[in-house]
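Chemist: Sequence:
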Amino acid sequence: MIEHSIVFIGLDTHKEFIEIAYNNSQKRFIPQSIPSLLLS
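Each residue of the sequence shown is one higher than the one before, counting from 1 in UniProt numbering.
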């Protein structure tokens, strides 16, 4: 039997950087942040 999972991804874009966060908990919202990506 195949199990599926849902991952929620959030992007916060700015001129200088991009913030990325994800959450794979479906019961509580506990975001996990990924280091910022600097745009130059």
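Treat each hint with caution, since some may be false.
Unchecked claim - SDA-like, lysine to any residue: derived pairs with alpha carbons at most 20 Å apart:
id, residue 1, residue 2
1, LYS15, PRO35
2, LYS15, LEU39
3, LYS15, SER33
4, LYS15, SER36
5, LYS15, MET1
6, LYS15, ILE34
As the list claims (entries may be wrong) - Just the calculated beta-carbon pair ranges, DEER-fashion:
id, residue 1, residue 2, range
7, ILE6, SER36, 35 to 41 Å
8, LEU39, GLU3, 18 to 24 Å
9, PRO31, ILE2, 23 to 29 Å
10, PRO35, ILE2, 29 to 35 Å
11, SER36, VAL7, 15 to 21 Å
12, SER33, MET1, 29 to 35 Å
13, LEU38, MET1, 42 to 48 Å
If you are wondering where the hints come from, they were derived from the structure by calculation, not from laboratory data. C-beta atoms are modelled at their ideal positions from N, C-alpha and C, and glycine is treated no differently.
Chemist: Against this structure, judge whether each hint is valid.
Modeler: Do the hints match the structure? See the list:
Taking the CA atoms of LYS15 and PRO35, the gap is near 16 Å; set against the 20 Å cutoff, the hint holds. Taken as a hint, the LYS15 and LEU39 pair is honoured in the structure, with Cα atoms around 7 Å apart against an allowance of 20 Å. Distance restraint check for LYS15 and SER33: the Cα-Cα separation of roughly 19 Å lies within the 20 Å cut-off, and the hinted pair is therefore satisfied. Simply put, LYS15 and SER36 have alpha-carbon atoms about 12 Å apart, close enough for the 20 Å limit, and the pair holds.
With a C-alpha separation of about 45 Å, the suggested pairing of LYS15 with MET1 is violated against the 20 Å cut-off. Between the alpha carbons of LYS15 and ILE34 the distance comes to roughly 18 Å, so the proposed pair stays at or under 20 Å and holds. For ILE6 paired with SER36, a C-beta distance near 25 Å fails the hint of 35 to 41 Å. Distance hint check: the CB atoms of LEU39 and GLU3 are about 37 Å apart, inconsistent with the given range 18 to 24 Å.
Distance hint for PRO31 and ILE2: a CB-CB separation of about 27 Å, consistent with the stated range 23 to 29 Å. The supplied range of 29 to 35 Å is met by PRO35 and ILE2, whose beta-carbon atoms lie about 33 Å from each other. With their beta carbons about 20 Å apart, SER36 and VAL7 fall inside the hinted range of 15 to 21 Å. Take SER33 and MET1: their Cβ atoms lie about 33 Å apart, and the range 29 to 35 Å holds.
Between LEU38 and MET1 the beta carbon distance is about 43 Å. The supplied range of 42 to 48 Å therefore holds.
Taken one by one, the earlier hints fail for this structure at numbers 5, 7, 8, listed in ascending order.
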